[in-house]
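Peer 1: Protein sequences, first through last, are from chains L and G. Residue 34 in the working numbering sits at position 34 of the first sequence; the count goes up by one each step and never skips. Residue 71 in the working numbering sits at position 71 of the second sequence; the count goes up by one each step and never skips.
Don't read these hints as lab results, they were simulated from the structure. In this text, all values refer to a predicted model and were calculated from it rather than measured experimentally. Even for Gly, the Cβ is constructed at its ideal location relative to N, Cα and C. Hints should not be assumed to be uniformly reliable.
Stated by the list, open to error - What follows is a set of in silico ranges between Cβ atoms, one per label pair, in the way DEER data are often shown:
| id | chain 1 | residue 1 | chain 2 | residue 2 | range |
| --- | --- | --- | --- | --- | --- |
| 1 | L | Thr31 | G | Asp52 | 27 to 37 Å |
| 2 | L | Thr125 | G | Leu146 | 39 to 49 Å |
| 3 | G | Ala99 | L | Asn128 | 49 to 59 Å |
| 4 | G | Asp154 | L | Ala95 | 19 to 29 Å |
| 5 | G | Glu149 | L | Gln12 | 53 to 63 Å |
| 6 | L | Asp34 | G | Gly101 | 30 to 40 Å |
| 7 | G | Ala144 | L | Ala20 | 33 to 43 Å |
| 8 | L | Ile38 | G | Gly101 | 36 to 46 Å |
Each chain, written out:
Protein chains: 2
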Amino acid sequence: MALTTKGRATRQRIIEGAAAYLRSDEPAGVTLDDIRAITGTSKSQIFHYFPDGKEELFLAVARHEAGRVLDDQQPHLGALTSWAAWERWRDSVVARYRAQGRHCPLGTLMGQVGGTPGAQEVIATLLNQWQSHVRKGIAEMQAAGLVREGLDPDRVSAAFIAGVQGGVLVLLNTGSVTHLEAVLDTLLEHLRG
Amino acid sequence: MALTTKGRATRQRIIEGAAAYLRSDEPAGVTLDDIRAITGTSKSQIFHYFPDGKEELFLAVARHEAGRVLDDQQPHLGALTSWAAWERWRDSVVARYRAQGRHCPLGTLMGQVGGTPGAQEVIATLLNQWQSHVRKGIAEMQAAGLVREGLDPDRVSAAFIAGVQGGVLVLLNTGSVTHLEAVLDTLLEHLRG
Chain L
1 MALTTKGRAT RQRIIEGAAA YLRSDEPAGV TLDDIRAITG TSKSQIFHYF
51 PDGKEELFLA VARHEAGRVL DDQQPHLGAL TSWAAWERWR DSVVARYRAQ
101 GRHCPLGTLM GQVGGTPGAQ EVIATLLNQW QSHVRKGIAE MQAAGLVREG
151 LDPDRVSAAF IAGVQGGVLV LLNTGSVTHL EAVLDTLLEH LRG
Chain G
1 MALTTKGRAT RQRIIEGAAA YLRSDEPAGV TLDDIRAITG TSKSQIFHYF
51 PDGKEELFLA VARHEAGRVL DDQQPHLGAL TSWAAWERWR DSVVARYRAQ
101 GRHCPLGTLM GQVGGTPGAQ EVIATLLNQW QSHVRKGIAE MQAAGLVREG
151 LDPDRVSAAF IAGVQGGVLV LLNTGSVTHL EAVLDTLLEH LRG
C-alpha cells in the first residue's frame, strides 16, 4: 500500500498510540474498539491503514515495540568496542528490564498474535538483530586483542541472547533481576577469560 | 482435604489424564468439560477433588508437569559430580527440549493460570529446585578440586537457570536448539575455566 506523507504519519500515530496503551495496562483483552477510542480514529481509518484488522495492527505494534527493545540499549549495543562499553550495555539492559518489571508489552502482544508466521518473524528478526550487535562486538574485541581468539563469536553471542531472554523470563515470574544480572555477569566474565 | 487411598488415586488419575491431554494438543481453549470427557469423570467428581474448579485443577496439572521437568533430567541433575555427569545432564536437557519442540505444556498452562499467586509459586518452586541441584553440583565439583574456588555457585547456577529458560524460549519461537546448546556449552566452558 502506497501512503502519502500524511497517511504514513496517521498510520504511525495509530501504532504509537496503541503501543503506549498496551504498555500502560494489561491488554489481555484489548479490542480494536479500545484502540480506536485511544487513538481517536474511525473504524474505516483503522481498516484503511490495517486492511487485515487486529492481527495486522498488533503485528505493527509488536514491530514497533521490538524496535524499542534495541533502541533502549543504544548507543552501547551498537559499539561494544571496550570493556567499559560492555559494562554500560550490561547496565542498560538490567535497568531497562528492572524498570519494566513484571509487565512485558511485547510478550503480551505475542500472546495475542503468537504462533502466527508474522509474530514468529517479528521475534526472529529482533533476536537476529540483537545477536548481530553482540557478535560484532565480540569480533571487534578480538580484533583489538582484548578477547582471546579461540572464543567463538557465534556461539557466545547466542549464549548472551539466550541468557538475556531467560533472565527476563525469570524476572517476569519472580519480579527479581537476580538471574538476569547473574547470567550477564557470568558471560561477561567468560568473555574476559 | 483428607482423601482415602482410593480418592488420592482418582485425583491423581484426573491430573495425569488432563496432563497427557494438554501435552498432546494446543490446549489454549480447553475447558473443564474436555477434561471430564478425557478422564471419564463426572462434574461432581471434579469439584470433589478440585473444589475451586478449573484454576485448582490446572495448577495441580502444572505442578505435575513441573515435577516432570526435573524428573526428565534425572539421574544426571541430582548427581553433577564429574564432568561426564555434567555432559550427560547437558545432553538430557537438549534432548528433552528438542523432543518437545515448539509446544510447551507448562507454558500453555501458565498462559491459562499465569499471573495468579498459585501459578507464580509453581514456577518459583520449579526454578528454585532446579537451581539447587545445579548449585549443589558446582559446590561438589569445587569440593573435589575440579572447579576453581573463586567461582560463585549461587551466581553461576542462576546463570545456568536463566540460560536454559532463555534457550527454551528461543526454541519455542524458532524451532531450533542452537541457542540452548550455545548457552549450555558456553557456561560449561566457563565452569571448566
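Peer 1: I want to verify a distance hint. Is the separation of the beta carbons of threonine 125 of chain L and leucine 146 of chain G within 39 to 49 Å?
Peer 2: 41 Å, holds
Peer 1: Taking the Cβ atom of isoleucine 38 of chain L and the Cβ atom of glycine 101 of chain G, is their distance within the range 36 to 46 Å?
Peer 2: 38 Å, holds
Peer 1: Has the hinted range 53 to 63 Å been met by the Cβ atoms of glutamate 149 of chain G and glutamine 12 of chain L?
Peer 2: 56 Å, holds
Peer 1: Quick check on a hinted range of 33 to 43 Å for alanine 144 of chain G and alanine 20 of chain L, using CB atoms only.
Peer 2: 55 Å, violated
Peer 1: Determine whether the Cβ-Cβ distance between aspartate 34 of chain L and glycine 101 of chain G falls within the hinted range of 30 to 40 Å.
Peer 2: 34 Å, holds
Peer 1: Could you tell me whether the CB distance from aspartate 154 of chain G to alanine 95 of chain L stays inside 19 to 29 Å?
Peer 2: 22 Å, holds
Peer 1: For the range 27 to 37 Å, tell me whether the beta carbons of threonine 31 of chain L and aspartate 52 of chain G fit it or not.
Peer 2: Holds, at about 29 Å.
Peer 1: For the pair alanine 99 of chain G and asparagine 128 of chain L, does the Cβ-Cβ distance stay inside 49 to 59 Å?
Peer 2: 25 Å, violated
Violated hints for the displayed structure, listed by number in ascending order: 3 and 7.
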